[in-house]
Amino acid sequence: EAQVTQNPRYLITVTGKKLTVTCSQNMNHEYMSWYRQDPGLGLRQIYYSMNVEVTDKGDVPEGYKVSRKEKRNFPLILESPSPNQTSLYFCASSGTRRGEQYFGPGTRLTVT
Amino acid sequence: QQPVQSPQAVILREGEDAVINCSSSKALYSVHWYRQKHGEAPVFLMILLKGGEQKGHEKISASFNEKKQQSSLYLTASQLSYSGTYFCGTVSVTGANNLFFGTGTRLTVIP
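Going down the list, the sequences are from chains A and B.
Quick note: the first sequence uses our numbering, first residue 1, plus one each step.
Quick note: the second sequence uses our numbering, first residue 1, plus one each step.
These are computed hints drawn from the structure, not numbers from a lab.
Honestly, I wouldn't trust all of these hints.
Cut-off 27 Å, straight-line C-alpha distance, at most; resulting in silico cross-link-like pairs (DSSO-like, lysine-lysine) [as the list claims (entries may be wrong)]:
hint, chain 1, residue 1, chain 2, residue 2
1, B, LYS59, A, LYS57
2, B, LYS26, A, LYS57
3, A, LYS17, A, LYS57
With the rest of the complex left out, here is chain A (with noise of 0.2 Å):
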C-alpha cells in the first residue's frame, strides 16, 4: 500500500530536549515536505526536500533541521524544542515538483 509514514503520532517533551519525528514514503517520490498545522493558520511549510541531499527553507523553518540522506526518509529535528513548536506536524510527499501531496498521519507534539 502506497503511503507515508510517521513516527512518533503522538510526542510530550520538554523545553530543550533534542527531538526527531521520523517520516518514511513508499512511492519512490523525489519531493517531500515538512508542514506544521496550527489552529486558525492552516498548514504552513517548514521545510522541503527535492531530492537526496537536496533541500530548502519553506515558510516557517526557524527552529527546526531536516536531513534526506536517503530517498524515503526525511526526519524533522528540534534540537532545542520551545513551547511555540506544541503543533501536529504533517509529513508529505509528491512525484512531481509541484504535484498532488500524499501526507502522513500527522505527529502531535507537545512541548511543555
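Could you slot chain B onto chain A? The hints should help.
Leaving out everything else, chain B in the frame of chain A:
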C-alpha cells in the same frame, strides 16, 4: 503569500450547494484543493493549473481564474461525507516548490 479563503465556516443541509473561494496576491502557477476530516490527514481533491481550467471530482468541481488569481471550489448536492475542512494551496509562478495553504473553510453538512 498565504492565500485567503472564504468563508471561514459554512453549515449546509444535505442536498444544498456551497462555494468556497481562494484568492492570492501572487500570480499563480497552480491551485491545489484538499479536504481534511477531523483527526485525519489532508486528502488531495484536485489540482488546477494556470490556463483557466475547470475540473470535476464526483459532485465537487473547481475553477481557476489566473487573471484574478482566484479559485473556487463548488460542492453540489452536498452529502454528509462532505463535512470537513477544505484547504486551498497555491503555488506562485515565481515560487520554487513552496505550496502555501489557506487557513481553511470548515464545512458541516447536517441531515
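To see whether the hints hold, each was checked on the structure:
1. LYS59/B with LYS57/A: At roughly 37 Å apart (the allowed maximum being 27 Å), LYS57/A and LYS59/B break the hint.
2. LYS26/B with LYS57/A: Satisfied, since the Cα-Cα distance of roughly 19 Å is no more than 27 Å.
3. LYS17/A with LYS57/A: With a Cα-Cα distance of about 23 Å, the restraint between LYS17/A and LYS57/A holds, given a limit of 27 Å.
Consistency note: the structure conflicts with earlier hint 1 alone.
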